[in-house]
Amino acid sequence: MNTAAEVRHLTVSYGEKPVLEDVSLTIPRGSFAAIVGPNGAGKTTLMKTMLGLVKPLAGEVTIPARGRRGAVGYVPQSESIDRDFPISAYEVALMGRYASLGWFRRPGKADKSAAEECLRRVGMEKFASRQIGELSGGQQQRVFLARALAQDAEIYFLDEPLKGVDAVSERAIISILRGLCAEGKTVVMVHHDLRTVRDYFDWVSIINLGVVASGAVKDVFCERNIDRAYSRRAAEAAV
Amino acid sequence: MPAELEIGLIAVMTAASCAVCGSLLLVRGMTMTADAVSHTILLGIVLAYFAAGGLDSPLLFLGAAAVGLVTVALGELLVKSRLVSEDSAVGVVFPLLFALAVILITRYASSVHLDTDTVLLGELAFAPFERMTVFGADIGAKGIYTSAGLLALDLLFVVALFKELKTVSFDRTAALVMGFSPALLHYLMMALVSLTAVGSFDTVGSVLVVAFMAAPAATAYLLAESFGKMLAAAVAAAAISAIVGVRAALALDVSFAGAMATAAGLVFLAALVAAPKRGLVGAYLRRRAGKRPR
Amino acid sequence: MTAALGLVPRLAAGTLAALLSDYTFRTVALGAAIIGLMSGVVGCFSVLRREALLADGASHAALPGVVAAYLITGSKDAAVLLAGAAASAVLAAAATVLTARRTRIKFESALAVAMSVFFGLGLALMSYAQRLPGASKAGLSRFIYGEASSIVMRDVYASAALALMLTALVCVFFRQFKLAAFDPEYAASAGLRSGAAGGALTAMTVAVTVLGIQAVGAVLMSALLIAPAVAARQWTRSLAGMTALAAVFGAVSGVAGTAYSSLRDGVPTGPAIVVTASVIAGVSLLAAPGRGIAAKLVRRRRLRRRVLAADMSVVDELTSPDVSAVPAQSTRPDAAPDGQGRAASPSDVSATTGQGTRHEAPPDGRESPAAPPDGEESATVPQDVSAAPEQELRPDAPDGEGHVASAPDKDGKGGGSDAGGA
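Residue numbers (my numbering), protein chains in the order written: chain A, 1 to 239; chain B, 1001 to 1294; chain C, 2001 to 2422.
Everything labelled a hint here was simulated from the structure, so no lab data went into it.
Since we're looking at a predicted model, the values are computed, not measured.
Backbone N, C-alpha and C fix where the C-beta goes; we use that ideal spot for every residue, glycine too.
Certain hints may be false.
What follows is a list of derived Cβ distance ranges for each label pair [unchecked claim]:
1. 125(A) x 1276(B): 22 to 32 Å
2. 1273(B) x 80(A): 24 to 34 Å
3. 1284(B) x 2297(C): 32 to 42 Å
4. 1250(B) x 129(A): 42 to 52 Å
5. 1276(B) x 2171(C): 46 to 56 Å
6. 1270(B) x 2076(C): 33 to 43 Å
7. 1005(B) x 117(A): 44 to 54 Å
8. 117(A) x 1001(B): 49 to 59 Å
9. 2199(C) x 125(A): 25 to 35 Å
10. 80(A) x 1050(B): 16 to 26 Å
11. 2308(C) x 1276(B): 54 to 64 Å
12. 1001(B) x 55(A): 19 to 29 Å
13. 2308(C) x 65(A): 26 to 36 Å
With a Cα cut of at most 20 Å, we get these calculated SDA-like pairs of lysine to any residue [what the hints assert, rightly or not]:
14. 17(A) x 2074(C)
15. 55(A) x 1183(B)
16. 1229(B) x 129(A)
17. 1080(B) x 2294(C)
18. 1277(B) x 120(A)
19. 17(A) x 2298(C)
20. 109(A) x 120(A)
21. 1229(B) x 1183(B)
22. 1142(B) x 1152(B)
23. 1142(B) x 1159(B)
24. 1080(B) x 2292(C)
Go ahead and model the full structure; you've got the sequences and the hints to work with.
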């Protein structure tokens, strides 16, 4: 199997209790993969560790594409960004080109038209000059998606991009991501809504502290695994 | 050059370089760092003074900048330990370093020119007395050259690293993923803030440093919709405040630093009330329009 | 050897006795102790409310009020000057809050602007006042650096009265203050007047700050509020204990600082007090049992060793990393203890409704999964929750976990607010 990302025996802890414990999973190239699990299962932490933002206590992450500058794309959780920052939608999209430019070099004509093109692809060209905070949650997510597109990465990580997003934006985002996978890119996404997993994704990792199940959606996304990840905790919480 | 013009020139250039640093701090929500750093550099100056045995050594500059960085690093260390929240960390670290500096000065260095008043309050009025001479020829006040040098450094920094600074300030994670080390940029920025604070304190005092790192940037933040425009607006607001402040100080015969800080506050107040989109009046009108039933 | 060792306490006792018989020292030390005590108590709330820097702002912003009061009344009486100080500090605080609430400028930046501008205005007024006949600089500039030696018995009585009042207030309204400091949103939802309690706390911070300026000066006053509170937090989990301990630490700093500066020539009192308080805080941060940095390092090392040791055995068991279902719960007996799962509830399974459902389970009050372990980003993380006494502070809250975890969501608009977006 052609692997886009591999995680082996990952244990992460912020304080003394592990947030992730002995997590191992693989994500094949070209797949549209979801990371699901109950709240506090460590989904965001897993993604952050895969991106190299969090240092694991033990274990390792391998992303073969990482060798090239800008080969790893990232779309933040919408509430983690500062809505008041003086920056326009167009500037955010242009930011995607910075990775391949490297230090000190300024974006040229080609970069600028690429950024405009990416804004068009997500249907946000009319809002190019808007300050980011003046856009709705869904529109902001689309702008960040445009940034990721502009980056032309091999593997994309998205942290709950659909949270607080309207239906129109959600459909637009999913269809663009599917398009990326069709081009052979890999998309990994932290996801909350179990009802849409089957419709959207072809690969899924169900986690709760550890990996409950990971594999093709049709193989592992069954009631038994979901119950194992969710209900037990719910039952414990109810006690 | 007449003394008043020299004072004005120094004031404008110092204010502008503080405004550049202040804008970088403000968009990252770190304005109070300016306050902390501008106080603790005193410790660096004292220590470097003991090491160098005089006040004219470039060591003073470096020592002060180093302590500025130490302040930031210590604060971050405390936050990282998760025992102390961010604002408390700043509130614990900087008074300690400042208190140590004050004790050292009053106990061991009280005889020299190095007194706390000069550091806190500065004295722009004396700036024209310190001359720069090349081969015996007077080429203007020394302060003009330091402030011009600082301004050049600050501008060079933001122009050269504009896209990196914008990226890291807006979305730290994205910067990291793209390969622009946030830690490196952060400490470069802090070094610049420290250097600017040191270079300015002796002409205008650390109070003015804080005022000019905070007020013009906040003014620009209310007016500008992009990072580049914000930097430009901050420099403009700083220059206007400096000119108004110097003129007012001359006319009323009061402290330059005080008058300039007040002018910067008034310019901010004007923007706060009347900024077209973000001002208080604008916000009020929008709220009222929002409340009105459709 | 033993004789030499015995000599030290005897000498110390001798100097202490000499000090205590000195009237000026007694007055100043008493005044500093009372100010330290009050700062400790009030500082706890400021630190928990993340208003620690407000004290710094208020103390700087008091300067123009001091000078203006002098210019208007011509009196250098401490009461008059302090009234002026309080007025301008309150004005600056109000301006800060208004700016932060009504514009995109954040509280911290608004505070920096207000305090530096007010201080600058104070300087301008002071340079004007000094040109008037009879205005010696010393009388006014002691407000910048503080001059504890200027404390007279009358000041001690005044601050003792204020201290009594504040202590009574804190005792009577402890529950309200506790909620206001820890979780204003919940307090409001429970029908408690947290706005009033919060306002009272802010007013108390300003009052103590203004009073303390005379002793330690505008620049250093914030430390006297923050350091004892931070130190006390490390030793106890309950707010009541923290407040009491901070009061003790503050008072001790006041006395010890005064003593140190009287014994050593040329050591100013204010900075000596601040250094003492900071040393107490530093020692507490490092050495406090359980929470301290030393204890944490030891435990983290142990955890790492345990995990690494466990890893070796797991590697043997798993033949391929592709194996999907990892031997789940059973192999981790200690995996799902109290923390992790508590906030998860059945309703989270279909968590599409946004808003209330996003409680990335805080294991012990911190939002660990979303918490960036490094530096600045943590501005959005409720650090104060971690710095807050944990269990005790959510006394009888019906949804003990939930309302705490919702704090970070305050400005994440989430939910349906932008449903009609594009």
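Handout entry: Pair hint outcome, residue 1229(B) versus residue 129(A) [Cα-Cα no greater than 20 Å]
Key = holds (13 Å)
Problem - Hint consistency between residue 55(A) and residue 1183(B) [alpha-carbon to alpha-carbon, up to 20 Å] - result: holds (15 Å)
Problem - Assessment of proposed distance window 33 to 43 Å (beta carbons of residue 1270(B), residue 2076(C)) - result: holds (35 Å)
Problem - Cβ separation of residue 1273(B) and residue 80(A), checked against the hinted range 24 to 34 Å - result: holds (32 Å)
Practice task
For the range 54 to 64 Å, tell me whether the beta carbons of residue 2308(C) and residue 1276(B) fit it or not.
Solution key: Holds, at about 60 Å.
Exercise for the section: Given the range 16 to 26 Å, decide if the beta-carbon distance of residue 80(A) to residue 1050(B) lies inside it. Expected result: The hinted range 16 to 26 Å is violated for residue 80(A) and residue 1050(B), with Cβ atoms some 45 Å apart.
Problem - Outcome for the supplied range 22 to 32 Å, where the beta carbon pair is residue 125(A) and residue 1276(B) - result: holds (25 Å)
Practice task
Compare the distance between the alpha carbons of residue 109(A) and residue 120(A) with 20 Å, and conclude whether the hinted pair is satisfied.
Solution key: Roughly 17 Å between the alpha carbons, so the hint for residue 109(A) and residue 120(A) holds.
Problem - Proposed proximity, residue 2298(C) with residue 17(A) (alpha carbon, max 20 Å) - result: holds (14 Å)
Exercise for the section: Mind checking the alpha carbons of residue 1142(B) and residue 1152(B) for me, to see if they're no more than 20 Å apart? Expected result: holds (16 Å)
Problem - Restraint check for residue 1277(B) with residue 120(A), where alpha carbons must lie at most 20 Å apart - result: Given pair residue 1277(B), residue 120(A) is violated - Cα atoms ~27 Å apart, limit 20 Å.
Practice task
Return holds or violated for the Cβ distance of residue 1005(B) and residue 117(A) against the range 44 to 54 Å.
Solution key: The hinted range 44 to 54 Å holds for residue 1005(B) and residue 117(A), with Cβ atoms some 52 Å apart.
Checked against the numbered hints above, the structure violates hints 3, 9, 10, 12, 14, 18, 21 and 23; every other hint is satisfied.
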